[in-house]
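Asker: In case you want the letters, here they are:
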Amino acid sequence: AQSVTQLGSHVSVSEGALVLLRCNYSSSVPPYLFWYVQYPNQGLQLLLKYTTGATLVKGINGFEAEFKKSETSFHLTKPSAHMSDAAEYFCAVTFSNTGKLIFGQGTTLQVKP
Amino acid sequence: GAVVSQHPSRVICKSGTSVKIECRSLDFQATTMFWYRQFPKQSLMLMATSNEGSKATYEQGVEKDKFLINHASLTLSTLTVTSAHPEDSSFYICSARGGPLSVNYGYTFGSGTRLTVV
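First to last, the protein sequences are chains A and B. With my numbering, letter number 101 in the first sequence gets 176, and the count goes up by one each step, no holes. With my numbering, letter number 110 in the second sequence gets 1341, and the count goes up by one each step, no holes.
Calculated directly from the structure, the hints in this document are not laboratory data. Just so it is clear, the structure is predicted and the values come from calculations on it, not from any experiment. Keep in mind that the hints are not guaranteed to be accurate.
As the list claims (entries may be wrong) - With a straight-line cut-off of 30 angstroms between C-alpha atoms, the simulated DSS-like cross-links for lysine-lysine are:
id : chain 1 : residue 1 : chain 2 : residue 2
1  : A       : K175      : A       : K124
2  : A       : K175      : B       : K1251
3  : B       : K1272     : A       : K133
4  : B       : K1297     : B       : K1286
5  : B       : K1272     : B       : K1245
6  : A       : K143      : B       : K1272
7  : A       : K175      : B       : K1297
8  : B       : K1272     : B       : K1251
9  : B       : K1272     : A       : K124
10 : B       : K1272     : A       : K175
11 : B       : K1272     : B       : K1297
12 : A       : K144      : A       : K175
13 : A       : K187      : B       : K1272
14 : B       : K1286     : A       : K175
15 : B       : K1295     : A       : K175
Pulled out of the complex, with its shape left as it was, chain A reads as follows (with noise of 0.2 angstroms):
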């Protein structure tokens, strides 16, 4: 079955630091990946994604994940959280012969000062 998992359904980490939000897919097929961001009460606001070629993708607010095949994960990273990096993010992941969008559990994002 077709699947994406988040590890780590909250992570805390202080204003500067690095954030690590980790997503893990399922699939038989090549997997077109998302990264998503909700603030409160809002959509959902795309980052990044990987559809074919570089593997590195850089998004907006300086995030960036790398597709890893043979670890099947698509972790995002952004070198120095600030405060208003603070929301939940979503992992999504699409597949060529369905073109749904399935979600992963999402993780909360908490920015210490």
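On the provided structure of chain A, position chain B as indicated by the hints.
Answerer: Here is chain B on its own, set in the frame of chain A:
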């Protein structure tokens, strides 16, 4: 860039009434729209996929007679919650795919609708 407008952002209705939520793609033609439901502190659960001009495809466990989806044009999809009950209270989000973004599997999300049934 692609913009999806979702309306209303908040709605409170009485138990037993119906509520319609609209999702419009403002600057592109959305060949496919998706409707999600999100409970507090949880992820998005796909309810249904709708393609313009055809019947929506519902996910397992979603009552199609309760959650009516219409995708009559390439820019508008509606979700109607019929005979709403308090357990239908949730955050509903639409997503649209189409136009130039679809080449790279782009999905654009609406801002969501907070439904409260009293």
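Asker: If a hint holds in the structure, say so; if it does not, say that too.
Answerer: Hints, verified against the model:
no.	hint	result
1	K175(A) x K124(A)	holds (15 angstroms)
2	K175(A) x K1251(B)	holds (23 angstroms)
3	K1272(B) x K133(A)	holds (27 angstroms)
4	K1297(B) x K1286(B)	holds (15 angstroms)
5	K1272(B) x K1245(B)	holds (24 angstroms)
6	K143(A) x K1272(B)	holds (28 angstroms)
7	K175(A) x K1297(B)	holds (22 angstroms)
8	K1272(B) x K1251(B)	holds (24 angstroms)
9	K1272(B) x K124(A)	holds (23 angstroms)
10	K1272(B) x K175(A)	holds (22 angstroms)
11	K1272(B) x K1297(B)	holds (24 angstroms)
12	K144(A) x K175(A)	holds (20 angstroms)
13	K187(A) x K1272(B)	holds (20 angstroms)
14	K1286(B) x K175(A)	holds (16 angstroms)
15	K1295(B) x K175(A)	holds (18 angstroms)
Taken one by one, the earlier hints all hold for this structure without exception.
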